[in-house]
Every structure is written in C-alpha cells, then in structure tokens.
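> Next come the chains, spelled out residue by residue.
Protein chains: 2
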Amino acid sequence: MNNMKSYLLQVLKELALLGGMHQFVEISSLELAEQLQTSQQTASRYLLTLDAQNYITRQFGVKKQLIQITDKGIDLLKQEYTLFQQIFEMMHKIHFHGHIVSGLGEGTYYTEQPGYLTQFQEKLHFRPHPGTLNVEIEYIERNKLRVLRQYDGILIQEYKTKNRTFGGVICFHAEINSIKAAIVLPTRTHHSTILEFISPYHLREKLKVEDGDEVTSTIYLQS
Amino acid sequence: MNNMKSYLLQVLKELALLGGMHQFVEISSLELAEQLQTSQQTASRYLLTLDAQNYITRQFGVKKQLIQITDKGIDLLKQEYTLFQQIFEMMHKIHFHGHIVSGLGEGTYYTEQPGYLTQFQEKLHFRPHPGTLNVEIEYIERNKLRVLRQYDGILIQEYKTKNRTFGGVICFHAEINSIKAAIVLPTRTHHSTILEFISPYHLREKLKVEDGDEVTSTIYLQS
DNA sequence: ATTACTACGAATCGAGTAA
DNA sequence: TTTACTCGATTCGTAGTAA
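Protein sequence lines, in the order shown, are assigned to chains A and B.
If you read the first sequence in the numbering used here, its first letter stands for residue 1, the second for the next number, and so on.
If you read the second sequence in the numbering used here, its first letter stands for residue 1, the second for the next number, and so on.
Derived from the structure by calculation, the hints contain no laboratory data.
Ideal placement from N, C-alpha and C gives every residue a C-beta, glycine not left out.
Each hint should be verified, as a subset may be incorrect.
[To be verified] Each pair of labels, with its calculated beta carbon distance range:
id	chain 1	residue 1	chain 2	residue 2	range
1	B	Thr42	A	Thr82	23 to 29 Å
2	A	Leu66	B	Thr187	20 to 26 Å
3	B	His191	A	Lys180	52 to 58 Å
4	A	Ser178	B	Gln40	32 to 38 Å
[Said to hold, decoys possible] Computed cross-link-like contacts, PhoX-like style, restricted to lysine-lysine with a CA-CA straight-line distance of at most 20 Å:
id	chain 1	residue 1	chain 2	residue 2
5	A	Lys180	A	Lys93
6	A	Lys208	A	Lys180
7	A	Lys180	A	Lys206
8	A	Lys13	A	Lys78
9	B	Lys13	B	Lys78
10	A	Lys123	A	Lys180
11	B	Lys180	B	Lys93
12	A	Lys93	B	Lys78
13	B	Lys180	B	Lys208
14	B	Lys78	A	Lys78
15	B	Lys72	B	Lys13
16	B	Lys180	B	Lys123
17	A	Lys78	B	Lys13
18	B	Lys180	B	Lys206
19	B	Lys78	A	Lys13
20	A	Lys5	A	Lys78
21	B	Lys93	A	Lys78
22	A	Lys5	B	Lys13
23	B	Lys13	A	Lys13
24	A	Lys72	A	Lys5
25	B	Lys5	A	Lys5
26	A	Lys13	B	Lys5
27	B	Lys123	B	Lys160
28	B	Lys13	A	Lys93
29	B	Lys72	B	Lys5
30	A	Lys13	B	Lys93
31	B	Lys78	B	Lys5
32	A	Lys13	A	Lys72
Build the full structure now, drawing on both the sequences and the hints.
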C-alpha cells in the first residue's frame with residue numbers, strides 16, 4: 001500500500017495546506033475539485049480512495065463533509081517533506097546508502113603514515129583509528145558522488161619521504177550511522193563507487209557491522 | 001503549462017535527489033524505471049515529456065544519457081518545497097490570501113478607545129494607527145481560520161466605562177504584504193471570513209492598496 | 001547495451017444522474 | 001444542496017520491437 005498514487009499525495013498536500021493536519025477541514029467535493037482544478041466526480045473519488053486507504057477520516061455534516069488527515073497521512077507528508085529537505089540541503093550535505101565491503105588492507109598502512117596522521121589531526125581535528133571502513137554505495141548514487149566532487153573539501157597535501165611519494169587526498173567531514181567520521185577521496189580515481197571512512201573510533205566495532213551490512217551516511221560539504 | 005502532471009513532479013524529484021539540480025545525472029531509462037518502480041518504456045516517456053516541457057535537458061552519450069534539471073524545473077521543485085514548508089510551519093505561522101474590503105468605519109472608533117490603546121501598546125509593543133484594514137480572505141481559507149482559533153494569542157481584556165462595556169479581543173502578530181501589523185479577532189463571531197489588521201502604520205497608504213486589491217498575510221502564532 | 005516507437009490493454013476521468 | 005454511482009471517452013502503462 002505504499003505505491004501511493006502521486007495524485008493522491010497532491011490531494012493530501014492540498015488538505016494539509018488548509019490545516020487538515022491540525023483540525024478538520026470543512027470542504028465539499030466541488031470546492032476541493034476547484035482547488036485541484038478537476039471535476040467534482042474526480043475529487044469525490046480521490047476522497048473515497050484516501051479514506052479507503054486510511055490517509056484521511058471523514059465525518060458527514062448536513063452539508064459539507066469534515067476531513068482530517070490521519071497519522072498515516074501525516075507520516076506520508078513528513079516523508080515527502082524530508083525528501084525535499086534533502087534536495088535543498090544538498091549544498092550543505094549529501095546522504096548516501098550502501099553496504100560494508102572489505103578493502104585490501106591498504107587503509108591501515110596509509111592511515112598510519114605519520115605524514116598523513118599529523119595532517120588529519122590538524123585539519124580534521126581528530127586522530128583516526130588505523131584503517132578505513134569501506135562502503136560500496138548504491139550504483140545509482142554515483143551521481144551524488146559527482147556532485148560531491150564539485151566541492152573543495154579539506155585538502156590533505158601530498159608529501160615525499162626518501163623512499164616514495166604519498167599522494168594528496170580530499171577529505172569531508174561525515175557521519176556513518178550517526179557516528180562521527182570523515183571520508184577520504186583519492187584525488188584521481190573518479191570512477192569508484194566506494195567511500196572510505198576514517199574515524200576516531202574503530203568503526204566496525206562501534207557500529208557493530210560486518211561485510212554486506214547496510215549503512216547510511218551523511219557527508220558535510222562545508223569545509 | 002502549469003497543469004504539471006503529478007507523476008512528472010515525482011520524476012523531477014527523483015532526479016533532484018540524485019543531484020540533478022547541481023550536476024548532470026547519468027542515468028539510463030531502465031535505471032530510472034527501477035528507481036520509480038515502473039517500466040523502461042514509461043520512464044523513457046516521462047523523460048521525453050519532461051524534456052519537451054523544458055523541465056530537463058538531455059545529452060546523449062554513447063550509452064546512458066546525461067540529464068540536468070533546468071531553471072524551470074528547479075523553480076517547480078522550489079515551489080513545491082515552499083508548500084511543504086508552509087504545511088510544517090503551520091504550528092508557527094499561517095498564510096492567508098484575500099482582498100481589501102471596507103469596514104463600517106467602526107475600526108477607527110474602537111482603536112481610539114484609551115482602554116484598548118494602552119493594552120495594545122503594552123502587549124503588542126506598538127501604538128496602532130487609528131482604524132483597521134479589513135481583508136476578506138478566500139472562502140476556502142476559513143479552514144485555516146479554524147486552526148488559528150486553536151491558539152491562545154494575545155488577550156486584550158474587556159473593560160467597562162460608566163457608559164458601556166468593551167469586549168475582550170484576541171490579537172496575533174502579523175505581516176500584511178510584508179508590513180508589520182497585528183490582527184484583532186473578536187472572541188465571539190466565529191463565522192466571519194474577514195481579518196482585521198491594525199498596524200503602527202496607516203496601512204492603506206503604506207501598502208498603497210484600495211478596496212478589491214489582493215494582499216497576502218502571515219499570522220504568527222507564538223504569543 | 002540503450003532509446004523510444006507502435007499497438008493495445010488497463011487505469012483514470014468526467015458527464016449524466018440517482019439518492 | 002451534496003456525495004458518489006455508472007459508463008463511455010480519454011489518458012496512461014507496457015510488451016514487443018526497431019533503430
């Protein structure tokens with residue numbers, strides 16, 4: 001029953017704009033039809049359907065009916081509102097969904113390099129636990145990754161030892177399942193769909209996750 | 001062309017969630033179909049329609065297409081977001097639309113009574129210009145008036161002179177066409193669709209309005 | 001692989017109208 | 001008035017398929 005017809009959501013929105021989440025709304029099917037720019041018959045049918053699916057309750061007076069949005073209807077509206085908030089917050093933060101995968105164990109090596117460590121502490125204001133937690137994001141969300149790459153992030157500069165060069169990386173503050181963390185984006189490698197998280201905590205323990213588990217994360221764009 | 005089909009709005013929303021307002025989104029009609037839980041053919045037709053109506057622009061790569069939401073599409077999403085904000089802000093403020101009407105000139109008499117004046121100044125923190133500006137709200141919005149009456153507002157108490165009794169009224173801070181004001185609700189008279197505004201300014205002059213002109217107003221519910 | 005056309009079945013709309 | 005039913009008209013969705 002969550003394959004809600006989109007036009008019914010519009011009707012619910014219209015009722016909410018008239019105060020239907022707080023009070024009953026006194027409205028005839030013809031009045032509603034005018035608001036929705038449709039026919040009285042269609043408006044009446046919309047109300048029947050919303051009622052049958054428990055998104056609204058109705059009482060019939062002598063003339064017009066009194067309509068109130070149910071908790072189920074309010075939840076649906078809230079859910080929709082949240083999505084719009086996500087859309088318009090996307091200049092501040094981006095949400096990703098994915099599941100835990102194992103890296104090649106390189107994470108531990110890199111996060112223990114003193115040249116990176118000092119920069120992490122200076123610029124991210126925490127000392128990362130050794131290793132990274134890798135999250136394969138849903139493939140469709142590679143598009144959000146492209147948005148993410150438009151932003152500057154926190155630059156960890158490349159540096160050289162006598163043996164080798166350690167490349168620069170971009171970091172963003174983040175949360176994974178609501179735990180404080182950051183992501184590390186290699187400046188090259190534009191086609192990966194893996195996010196590497198570092199954190200002051202041992203994330204696998206703190207989050208109690210293992211390979212394949214689903215996680216949600218938020219990346220903060222302001223540096 | 002503003003009789004946008006509601007399912008097209010959902011498609012636009014989905015593209016926006018993938019970052020389509022900030023960047024191009026790389027998505028095949030099949031992928032989009034999966035997101036929308038519909039068929040590839042339907043998704044393809046949705047995109048054709050959105051393109052034809054200039055809500056999106058598309059570039060075709062060798063494989064998938066690149067989609068970006070146009071300014072027109074962004075405007076539509078913003079408009080929708082604004083409506084949801086209004087819905088969920090309704091515990092703080094309520095918006096009304098209406099047009100100016102003439103009162104019976106009583107407003108001037110009442111707003112000049114010293115017993116009201118001192119209370120207005122104490123409780124509303126401004127000295128009202130003599131008279132009220134009356135706004136007949138759209139009939140359908142009587143439902144929001146019912147929501148408004150659930151709130152306590154700012155009580156102006158009744159008082160007596162040796163000649164007569166002046167009844168109590170409820171006030172709410174307000175704005176009318178963005179100008180600071182307040183509304184005065186008689187405690188009785190539950191079936192009026194007229195809002196009476198008082199303001200430190202002479203509203204008819206300040207707003208440059210006359211009878212029949214449309215105005216929008218915001219009523220603030222927190223006392 | 002991907003887009004999108006055609007054709008037709010399914011769902012939705014709204015005029016007429018009863019209650 | 002008002003709601004909401006029936007039923008023909010219109011719109012929408014999707015299988016098959018071409019490009």
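> Sort out which numbered hints this structure fails and list those numbers smallest first.
none
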